[in-house]
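For the record, the sequence lines run as chains P and C.
Counted from 1, the first sequence has number 18 at position 18 by UniProt numbering; the numbering is strictly sequential.
Counted from 1, the second sequence has number 276 at position 276 by UniProt numbering; the numbering is strictly sequential.
Hints listed in this document are in silico derivations from the structure and should not be mistaken for laboratory results.
There's no promise every hint is true.
Stated by the list, open to error - Computed list of lysine to aspartate or glutamate pairs in DMTMM-like fashion (alpha-carbon distance at most 25 Å, straight line):
1) LYS32/C with GLU48/P
2) LYS186/C with GLU24/P
3) LYS186/C with ASP52/P
4) LYS320/C with GLU51/P
5) LYS32/C with GLU51/P
6) LYS84/C with GLU106/C
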Amino acid sequence: MQLPPALHARLAGAPGEAEPLPVERDPAAGTTPFRFAARQVRFPREHEFFEDGDVQRHLYLQDVLTQVAGDPERPRVPEFTCQVAGCCQVFDALEDFEHHYHTLHRNVCSFCKRAFPSGHLLDTHILEWHDSLFQILAERQDMYQCLVEGCTEKFRTSRDRKEHLVTRHLYPADFRFDKPRKSKGPATPGPAVQVSAEALGGDQVPSEGDAMEVCFEHTELPPEPSGERRTYGHRCITRI
Amino acid sequence: MWSRRQRRLRPLSCGVEELRCRRREREAALRKARREQQLVSKRLLRDEDPEKAEGYVAVILGEAEIQQFLRLAQRGTEEKEREKALVSLRRGLQHPETQQAFIRLEGSIRTLVGLLTSNQALLQLEAARCLHELSHSEQSTVAEACLPATSYLLTYLSGHSSDFISPHLTVLEALGYALSQLLQAKEAPEKIIPSVLGSPLPQHMLQLLQPGPKLNLGVAVEFAWCLHYIICSQVNNALLITHGALSTLGLLLLDLAGAVQRTEDAGLELVGEELACPVLRCLSNLLTEAAVEAVGEQMQLRDERVVAALFILLQFFLQKQPSLLPEGLWLLNNLTANSPSFCTSLLSLDLIEPLLQLLSVSNVVSVLVLTVVCNIAEKGPAYCQRLWPGPLLPSLLDTLAFSDTEVVGQSLELLQLLFLYQPGAVQAFLQQSGLQALQRHEEVAQLQDRVRALQQTAQHG
Chain P
1 MQLPPALHAR
11 LAGAPGEAEP
21 LPVERDPAAG
31 TTPFRFAARQ
41 VRFPREHEFF
51 EDGDVQRHLY
61 LQDVLTQVAG
71 DPERPRVPEF
81 TCQVAGCCQV
91 FDALEDFEHH
101 YHTLHRNVCS
111 FCKRAFPSGH
121 LLDTHILEWH
131 DSLFQILAER
141 QDMYQCLVEG
151 CTEKFRTSRD
161 RKEHLVTRHL
171 YPADFRFDKP
181 RKSKGPATPG
191 PAVQVSAEAL
201 GGDQVPSEGD
211 AMEVCFEHTE
221 LPPEPSGERR
231 TYGHRCITRI
Chain C
1 MWSRRQRRLR
11 PLSCGVEELR
21 CRRREREAAL
31 RKARREQQLV
41 SKRLLRDEDP
51 EKAEGYVAVI
61 LGEAEIQQFL
71 RLAQRGTEEK
81 EREKALVSLR
91 RGLQHPETQQ
101 AFIRLEGSIR
111 TLVGLLTSNQ
121 ALLQLEAARC
131 LHELSHSEQS
141 TVAEACLPAT
151 SYLLTYLSGH
161 SSDFISPHLT
171 VLEALGYALS
181 QLLQAKEAPE
191 KIIPSVLGSP
201 LPQHMLQLLQ
211 PGPKLNLGVA
221 VEFAWCLHYI
231 ICSQVNNALL
241 ITHGALSTLG
251 LLLLDLAGAV
261 QRTEDAGLEL
271 VGEELACPVL
281 RCLSNLLTEA
291 AVEAVGEQMQ
301 LRDERVVAAL
311 FILLQFFLQK
321 QPSLLPEGLW
331 LLNNLTANSP
341 SFCTSLLSLD
351 LIEPLLQLLS
361 VSNVVSVLVL
371 TVVCNIAEKG
381 PAYCQRLWPG
391 PLLPSLLDTL
401 AFSDTEVVGQ
411 SLELLQLLFL
421 YQPGAVQAFL
431 QQSGLQALQR
441 HEEVAQLQDR
451 VRALQQTAQH
461 G
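Kindly produce the complete structure, drawing on both the sequences and the hints.
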């Protein structure tokens with residue numbers, strides 16, 4: 001449903017009534033066999049027209065979580081708990097849960113169980129970390145491909161790639177993406193920040209799932225890259 | 001090579017679909033219950049947290065124990081002690097035996113209602129919860145015993161300061177919910193609603209629905225539903241209109257549309273569904289009242305921005321909750337049926353094309369969309385002339401391919417109006433194989449008279 005752009009401006013505008021066009025009815029309108037007459041409709045409380053809305057109301061009443069001792073102003077919304085083993089995140093909206101699932105659980109490496117924000121990054125990870133052929137080929141040719149989807153550049157070493165990401169795609173200088181995990185336990189990285197579409201470079205704006213989430217070595221955040229920063233209600237920590 | 005491998009390594013996304021499936025099952029059960037008129041919404045404010053429950057009595061209580069708890073709650077020396085007594089009582093009231101013992105006690109309900117006027121929020125809340133447990137009783141005698149509490153509740157609710165804000169918004173929300181339950185009782189139109197309308201409560205309710213920084217979503221939702229049940233009863237809607245219900249609800253609609261437009265908030269789905277639904281219903285039913293014409297202009301709903309707001313909400317419903325589209329279109333029908341001004345707004349704001357885009361949603365939606373377009377077309381040539389350019393005729397021909405007789409019937413009504421008021425409509429209809437589209441319905445009993453009449457007009461003018 002495409003709304004005209006002027007509509008939003010009208011909503012924000014001054015109150016007012018439209019000057020009506022002249023009304024000229026023909027007596028033949030609505031005569032037999034036709035029966036249309038413009039009329040306002042009233043519905044009683046039990047009318048079947050209200051069924052859908054009433055069902056939504058009852059679902060709301062059943063889902064409401066009243067938190068008296070806590071914050072009384074917390075919006076009353078159903079909660080969705082992530083069912084993936086070991087993850088116990090709770091979300092207020094289905095959309096948030098879906099975003100969380102796609103970001104953290106959809107692109108998961110079956111070898112080391114790491115999650116990635118996009119299929120492109122999962123492919124790159126599998127290639128670089130779990131393919132024995134990769135190391136052999138990397139000695140002879142440029143194999144480290146750029147992490148930005150759509151960029152075709154390849155590099156001899158991961159350090160060269162990092163330099164390219166920082167200079168060409170404006171990634172932060174202390175961005176880390178290819179350090180192996182030191183232990184089997186969960187990583188405890190610093191705050192996560194999401195690089196904007198502009199910072200990712202390329203002409204096409206990547207979709208939400210394609211935006212590369214990056215972590216920083218230090219707890220202090222570096223200056224933001226140019227462009228807008230997208231933040232989310234939950235923190236997703238991902239590294240290649 | 002790698003894409004093939006990648007697909008094999010990815011787990012299947014099943015969590016979301018399962019959630020949706022569970023919700024659909026619940027919806028189906030609720031629909032069945034509603035049709036059998038057995039749908040009672042239970043919204044229990046229980047918090048069965050074992051840590052909190054420690055030290056609290058949760059057994060069947062006798063009259064002596066109930067009396068002791070009530071006495072403690074009223075005259076206890078410490079607030080904590082008073083609250084603890086009420087919590088124990090409330091837990092006991094979960095048992096039918098305790099409920100029976102409670103209602104046998106003289107003045108027990110009155111004592112509870114008296115505690116609602118306490119200046120301690122937690123005492124208020126526990127008293128409300130005790131009433132809540134009683135009102136949910138399966139036993140009719142217990143539910144009936146709660147009825148005398150209605151007038152006390154109203155007195156309490158109405159007796160607040162002009163701000164009408166309880167020390168604890170949760171209390172106000174719970175009371176709004178309790179009132180909404182009472183207003184649905186069979187006796188409500190005769191016994192309850194007249195006393196509600198006779199009190200200052202309607203003005204307070206409308207105050208709680210005033211857009212602005214003080215608007216609390218949870219509270220507004222409950223009192224908007226209260227208003228819906230009052231309006232449906234048709235006891236005295238003229239009173240609500242003179243209190244400015246139309247303008248307040250209209251402004252709230254603008255506010256909701258503004259919120260939908262401004263933010264991608266997670267709680268917004270709730271705003272869209274839970275507050276918009278009763279607000280749309282209240283406005284739609286109030287517009288049918290004769291009293292609308294009698295009140296001053298500032299009390300009426302004439303602001304063109306209402307149409308803009310409604311379309312923004314329709315777009316939101318289409319994305320988030322399509323089941324609410326008919327309710328929005330019902331309001332659009334009631335706005336355009338008798339108002340050349342609102343019809344003109346739809347034309348001047350270029351809203352006919354977005355409206356026609358809803359024709360594919362469902363039969364109910366299609367009928368309502370076509371009805372709104374008929375409301376505009378029946379106002380005469382000036383309106384049809386503005387309607388005609390664009391996708392109207394192709395959309396109409398598409399609806400003639402529908403099998404639903406109501407949708408097709410409404411399309412035929414619209415065609416008649418266009419043939420009557422729009423020069424060139426017949427010619428364009430013939431050029432776009434309109435007669436073949438009509439032929440499909442020649443044998444349908446409810447449609448054939450109108451089909452023949454249109455065929456005749458198209459062929460012979």
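So, going through the hints one by one against the coordinates:
1. For the hint pairing LYS32/C with GLU48/P, the CA-to-CA distance comes to about 12 Å; that is within 25 Å, so the pair holds.
2. Note on LYS186/C and GLU24/P: the hinted pairing is violated, with a Cα-Cα distance of about 46 Å set against a maximum of 25 Å.
3. At most 25 Å may separate the alpha-carbon atoms for a hinted pair to count; LYS186/C and ASP52/P meet this at roughly 22 Å.
4. Proximity of LYS320/C to GLU51/P is assessed by CA-CA distance (about 17 Å); at most 25 Å being required, the pair is judged to hold.
5. Only pairs whose Cα atoms come within 25 Å are accepted, and LYS32/C paired with GLU51/P is accepted, the gap being roughly 10 Å.
6. Between LYS84/C and GLU106/C, the direct Cα distance comes to roughly 22 Å. Compliance with the 25 Å bound is thereby established for this hinted pair.
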